[in-house]
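Put the two chains together into one complex; each comes in its own frame, and the hints tell you how they fit.
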Amino acid sequence: MRPFEKCVFVNCPFDPEFRQIMLAMVFTIKRLNFFPRLALERNNSAESRIRKIVDLIDESKFGLHDLSRMESKKANELARMNMPFELGIDYGCKHMKGGKWSDKRILVLDTSQYRYQAALSDLAGSDIRSHNNDAKIAIREVRDWLVTESLGTGPSFRALWSDFNYFNAFLADRLEEIGSEPEDIDEMPVPEVMHYMKEWFDALDR
Amino acid sequence: MSSKAKKESVHVVSRTDGGWAVKKGGAVRASKTFEKKQEAVDWGRSNSIKAKAEFYIHGKDGRIQKKASHGNDPHPPKDRK
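These protein sequences, in sequence, are chains W and A. If you read the first sequence in the numbering used here, its first letter stands for residue 421, the second for the next number, and so on. If you read the second sequence in the numbering used here, its first letter stands for residue 251, the second for the next number, and so on.
Check the hints yourself; a few may be wrong.
Here are the computed lysine-lysine pairs in the DSSO-like style, where the Cα-Cα straight-line distance is at most 27 Å [what the hints assert, rightly or not]:
no. : chain 1 : residue 1 : chain 2 : residue 2
1   : A       : K287      : W       : K618
2   : W       : K618      : A       : K316
3   : W       : K494      : A       : K310
4   : A       : K317      : W       : K618
5   : W       : K450      : A       : K274
6   : A       : K274      : W       : K618
7   : W       : K450      : A       : K310
8   : W       : K618      : A       : K257
9   : A       : K302      : W       : K450
10  : A       : K257      : A       : K287
Note that these hints are calculated values from the structure, not bench results. Being a predicted model, the structure only gives us computed values, none of them experimental.
The shape of chain A in the complex, shown without the other chains (with noise of 0.2 Å):
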């Protein structure tokens, strides 16, 4: 496997009971449960943020739908000193 999908990652997908959860990359069992999308991006998010994480949003089938990249840029600005 690359080393990207080595990095830490939060995802949103949906959940067999038609409601939407927000994973870490690897668990099986939820972090956190929402019944709308748009609540369990707002926490993903937010969270991904925290942990300097990639964020990916997940249509109901699976697919990628979003990508954001939070703390891994491979290309940081320059210290100016």
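Excised from the complex, chain W in its bound form (with noise of 0.2 Å):
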């Protein structure tokens, strides 16, 4: 069991445009020697997605939600509703479910600092931060966070933007051992490459 102390909800969109700054974020979690957790990380069929959901964020201290997809990009596109939704269950978990939940941390992202005034206005007066489509700025916002509400200190935001350079190089070289492609990187189930993630965090600190 990963205690609460140190698992980190993260509920973003999974589409292929956003994956990098998916395993950005992941990677800094990890990194900073917290628990991701998604909604990926479990494949079991007999379990309801909502269900699978309500844990993780029972689960979890703190909640990292991205409402980068709050927008649909062309005509007939629907808006994804699942961010935005997710986030009001954490918020409530926070407020009214009381004892340890009552101290969860929340961190709400989006591509643009000031979207969410018009689509989601009851977050009005809340301090949502932005990435801005880069997986760069992305690592930036997460460090800071848990180094702020958890940490105090950690390594700076440059390391770590090296060190996911570094980390996509080495995936890149294990997978061509194990005979994939390099373009194999963008179908690997996101527990795979949290897998690798572990694997080189483990010889980078030997």
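Given below as structure tokens:
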């Protein structure tokens, strides 16, 4: 069982355009010795998705919510409601469940800083951060949040960005070793990428 | 970590200010910085050849765009003498 104080629920888009930003955030969380918790971590068809998400929120002190897909890009495309919905569950858990859950910490990210004011005005007055669809900025925001809310200090944002680049090189090499192509990284299940992150951190810290 | 990851390496990576940097594997500080990516690629490539290192070109998001090995051929040609 992972400790509540070290678990970070990651609520973000799982589409291909967002994948590298998601991996950058997951990498930062793991590098700072927290446990990223994603709906993708379990693949049990017998379990309903909403039940899985409620469990993850319940088990995590930290909640990272990315609202990048609140707006549709094309005509006839609908905005994605899952991320704001899950933010609402986390917010409700913090304010209504009591006990250790009242100490939950929440970071809301978006592609731009003030778009939520029109789409999700209930959050007015909250401190929303933006990553501008840039993996580097996403790393900095997640790093600064965890350092401020828990660690007090930690590796610099520049060091984390360098490490993330080196990890990408390591992963490309590992895939080559097992007979895969570099583009297979884009299809690799996220838990498997996280496994390789751990392998790389273990070697780095040895 | 695999033995491959322990090889010397040279990376072209994007900088926070929009420019590009050439870094040796494991280093936080850049060996040299550039405004244009192509300049970083040219300088990084010649350095990786000198150092017989793996050469990686990263995209703006950190992904590997291109890789070249210099001097690490695991199956070198046999001596004919």
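A quick look at each hint next to the structure:
Distance check on the hinted pair: A/K287 and W/K618 sit about 31 Å apart at the alpha-carbon level, beyond 27 Å; violated. For the hint pairing W/K618 with A/K316, the CA-to-CA distance comes to about 24 Å; that is within 27 Å, so the pair holds. For the hint linking W/K494 to A/K310, the alpha-carbon distance of about 25 Å falls within 27 Å, and the restraint holds. A threshold of 27 Å between alpha carbons decides the hint, and for A/K317 with W/K618 the separation of about 23 Å falls inside it, so the pair holds.
A threshold of 27 Å between alpha carbons decides the hint, and for W/K450 with A/K274 the separation of about 23 Å falls inside it, so the pair holds. Simply put, A/K274 and W/K618 have alpha-carbon atoms about 22 Å apart, close enough for the 27 Å limit, and the pair holds. Distance restraint check for W/K450 and A/K310: the Cα-Cα separation of roughly 22 Å lies within the 27 Å cut-off, and the hinted pair is therefore satisfied. The suggested pairing of W/K618 with A/K257 holds, with an alpha-carbon distance near 19 Å, which does not exceed 27 Å.
Annotation: proposed proximity of A/K302 to W/K450 is violated, straight-line Cα distance about 32 Å (limit 27 Å). Among the hinted pairs, A/K257 with A/K287 is consistent with the structure: their alpha-carbon atoms are about 24 Å apart, no more than 27 Å.
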